[in-house]
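K.L.:
Below are the chains, spelled out letter by letter.
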Amino acid sequence: MDQTKPTPTMPTPVSPAPASVTAQKKLLVVEDEGDLQGLFVATLTGAGYEVEAAGSGNLAYDKLKNGSYDLVLLDIMLPEMDGIQILEKLQSEGVNIADKAVVLLTNLGQDTLIAKALSLGIRGYLVKSDYSPEQLVKEIQTYIT
Amino acid sequence: MITLPLIELSIGVSLFFILLIVLWAQMRREHKKNQWIQDISFAATAGLTVEDISNQLFTALHNTLGVSKTFIGVVEKGILTHSYTMGMEANTLPSDVILFTILELLDNRKKTVFAVRSFHHKESRETLLAQGIELMIPLVVHSELAGILFLGKKHLGVYNKLDSYVLQVAEPIITVSLKNALEFEAVESISKSINETIKKSQDEINAAKVQVAHMETSKDQFIDIASHELRTPITAIKGYLWLVLNQKKQVLDVEVKKNIETCYHSAERLLRMVSDMLTVSRIDEKKMQLNIQKVDIASLLRGLHEEMKTVADMREIEFTIKLVKPSLIIMADRERLQELFHNVIDNAIKFVPHRGFVRIDLQENEGRDISVLISDNGPGIPKEERQKLFTKFGKIQYSYDKTHAVEGAGLGLYISKKIVDLHSGIISVESEVEKGTTFIITLPFQPKK
Chain A
1 MDQTKPTPTM PTPVSPAPAS VTAQKKLLVV EDEGDLQGLF VATLTGAGYE VEAAGSGNLA
61 YDKLKNGSYD LVLLDIMLPE MDGIQILEKL QSEGVNIADK AVVLLTNLGQ DTLIAKALSL
121 GIRGYLVKSD YSPEQLVKEI QTYIT
Chain B
1001 MITLPLIELS IGVSLFFILL IVLWAQMRRE HKKNQWIQDI SFAATAGLTV EDISNQLFTA
1061 LHNTLGVSKT FIGVVEKGIL THSYTMGMEA NTLPSDVILF TILELLDNRK KTVFAVRSFH
1121 HKESRETLLA QGIELMIPLV VHSELAGILF LGKKHLGVYN KLDSYVLQVA EPIITVSLKN
1181 ALEFEAVESI SKSINETIKK SQDEINAAKV QVAHMETSKD QFIDIASHEL RTPITAIKGY
1241 LWLVLNQKKQ VLDVEVKKNI ETCYHSAERL LRMVSDMLTV SRIDEKKMQL NIQKVDIASL
1301 LRGLHEEMKT VADMREIEFT IKLVKPSLII MADRERLQEL FHNVIDNAIK FVPHRGFVRI
1361 DLQENEGRDI SVLISDNGPG IPKEERQKLF TKFGKIQYSY DKTHAVEGAG LGLYISKKIV
1421 DLHSGIISVE SEVEKGTTFI ITLPFQPKK
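So the protein sequences, as listed, match chains A and B.
Residue numbering for the first sequence follows the numbering used here, starting at 1 and increasing by one per position.
Residue numbering for the second sequence follows the numbering used here, starting at 1001 and increasing by one per position.
These are calculated hints, taken from the structure and not from any lab test.
Keep in mind that a hint or two might mislead.
Unchecked claim - Derived SDA-like pairs: lysine to any residue, alpha-carbon spacing no greater than 20 angstroms straight-line:
1. K138(A) with L1243(B)
2. K138(A) with L1300(B)
3. K138(A) with L1245(B)
4. K1294(B) with T142(A)
5. K1258(B) with L1245(B)
Small disclaimer: the values here were computed from a predicted structure and weren't measured.
Chain B on its own, in the form it takes in the complex (with noise of 0.2 angstroms):
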């Protein structure tokens, strides 16, 4: 027989067994969800890119609450723009038909999970039923949808409450998380177009710069045979000149003599402008060697002033020369000197006035180097148009005004300019206006290497 306080207390014993059962039933529930939502949240913001995100979340998903297959869409201004799939077939979703259920969304942004047998429109509501969709997310930042989650159904059981809980927590930092994702992406592909415009000039400059020394070359070569190709012809037509000018057989009619001479100094003016863009073409390809071997500068120049005495007699040019010794050796390339001064002098006995004065003064610098000074009482170069007259094509306004056309195509002094260069001397100019020039080039004995 069993006593009333004895059936009490097993009813209290009992009762309190059942409490304490419902109590850890409640705090394994509690514990249990915890843990799903943080396996979520953990796995929503370990990913850097969506697609990252996608899978991750898809795994922490599977094993929490048993999901078969997700789907997560982007969306920018309310355009699906690109979705990642897992445990499914990418694209197996029409967009349209997403396109519905997001502009269904936008219009009740409050709810966070929505079961999709509840939807209004139908064709989404089937499409998504039949692909075994089953839950739709939203996923919204400051008001604007930004992306969507859609859920397969479960490997077992259906969705309840617990997990429609577990999934309103885990929403916005699942939100968050594909915001960044979406920020880092945007960066990323930021950088990268800016590291891809930067290497598409680098190649632009780099095509142009192939491009504007293959232009150089051809150039360079264009003039290089123009000139030879040029060359030869004038040589013959010159020379051809020569000989009907000296033939002994008859004798020439003087006008046609007159002719013909005149025809023998436009082809010598000719082959001498030919030559020069020549000169200056190796010069500018750094192709001229010199040939450096023992001169005689003295010589050299009284060489000069006898060959070009005749013309300036004919101008009645006082044309004299002065040197420190009647011989002075100096290593050098005696034809390029020969050429160097010949423009120098040519230019003073072309510019110098009727019966002017044209002077070759050769100088020693105490045993360091030497200087030959070439000056005349011509009309004298101003100073704004001294630093023109080295320069390429730099023939001067000035003394075509004052005196004549001058032949040639401005290269003389150009090209006098850099064969003294490669002979490591200066030449240098001093002059007044109306009272005339000197022209000073200093040459060492020795060239540098």
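If we strip away everything but chain A, and leave its shape as in the complex, we get (with noise of 0.2 angstroms):
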């Protein structure tokens, strides 16, 4: 092998929150790529926190509209309505979008429906493949506390 080659580093594992803190922590992810989900479920119920999740806009809305969530994680393309437009509605609802916690799950690229859920009154955005499930974890934590 070839010794010159840099090695890049392995992520750490991560350490799971105190679990007096996280215990009531409940979090709502909505992406619909049955994989990806999977993958968040798992690191972030890793992490501590309770997860649910929904894979469907209709379902996302209910969730989002009549639950309540210390953070939700909400994918941009989503079957039956996007996650532009289930703000969109709930806005016109009357539901005040920043009292939601809503971090968009954006692909590279989405620079306008970015700004526009942005206007809309969400917390941030994070672009999905950037970051691996250790960061995503340290990501959540800097919305959560």
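Starting from the two chains in their separate frames, assemble the complex, guided by the hints.
P.N.:
Given below as structure tokens:
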């Protein structure tokens, strides 16, 4: 093996936040891509959160409208109703989006949609493929604490 | 009783008057003849095209000689190409008959006006007479037959010497007019054909432009879709590999762990390449927008230094950072800057030899702008390779040979340059072979809009 080749660092395991802090923290993951949804749920559950998931626009809308979450990860491209449409519908029904603690899950190159969602009152956004599970958990923590 | 002298006088006077009358008649005849020639010549020269000439000439011949019908045939190289008829239906003269007639005429061009009834060729003669054609006038230019004029019978009487004379005199004028008209039509046709060719070429160029634009769009859309579709499964692969590596239920066999780590890094590499391709396609489509906000460039560089130090340490590279101020705010797109400096620093760490150095140096230039210098004591970049640095797929050969096969598609510095451009900044490189390289990135406090 080539000795000069740089060895990339391996991510270090994330220690779950102390149980006392995360016991009540409840997250909603809205992602229609099954594998990714499974990954997010596994990662966040592993980090000690209580996680609910939705894979369609209608289900996500129901959960967002009626449920209460500490943070909602919302995908843009969804069947039935997309992420932006969900936010717009909630807003038109008098829901304050800022209260819903929504972080948009995006792909690269969705600048226009991100700008639109930010104007609707989401907390922030993260580019799905940019984060390893470890980084995802770190990022989530910045929104919750 | 009439005396002789009186009779003589009477006869003389009578003769005188007769002479006067004859002279007057002669003058009138002469005047009429000239008037006819003038009318016919004028008609022949009044038209621009053969069709014009045919119309005008028929009217003039009708009004002067009382001609009932005309047929003008245009001849090229002994072949009748087209014809114009007046007072008779078009195409009533079979072309083979006319061809025989023309051949006969070609042998006997000295005469100007031919009587149809004197034709040798029986079939031609009978066909023409049956159509009411009585005279034929070959139109000859420079001893070449350019056309043929047939005249139908007169409304009153038969063709006489005066008619024949008038036609003989008018023939050269009619011929020259016909020739001019033919030349005019040829020029017109060339000009029309040139215009049509130009128009056609223009249409083809426009169609090609549309096609190229369409292909460009298709290509960009393809890259866009392909990148998105590829990123989702790669992200999943990478994530699950991470979960396997970090699960706590059982201790992984060392070899298995190593293999999974390799998978993880390959997935990471693949993801980076796909992302780079998508970024490039967005840059090329001019779709990339900056999210300008306050960025503490000192803190951003410190973070990157911390993040990348692990790799540098592993290779025993002296990786240092020098900041002019602990905090320095500029207006920029944080994520793009992160990507930009990551690319440049990552390259330096990759290329620098074992136990070499990589230095980050943040400077402030008299409140005008800021500069970040990233220098190393790597292999350096030869002058001729430097211009390729910031081009698409511009991976430089030199670095490979000296160090190792470098991962990536050669898009990193191209993207970096575009990010700097979008921030109205400048990226430049100073390098000396075997000594090292310094990338200098200068950014304004506020990008120009």
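K.L.:
Now look at each hint and say whether the structure bears it out.
P.N.:
Structure-based check of all given hints:
1. K138(A) with L1243(B): holds, 15 angstroms
2. K138(A) with L1300(B): holds, 17 angstroms
3. K138(A) with L1245(B): Holds, because 18 angstroms separates the two Cα atoms, which is no more than 20 angstroms.
4. K1294(B) with T142(A): holds, 19 angstroms
5. K1258(B) with L1245(B): holds, 10 angstroms
Of the numbered hints stated above, none is contradicted by the structure.
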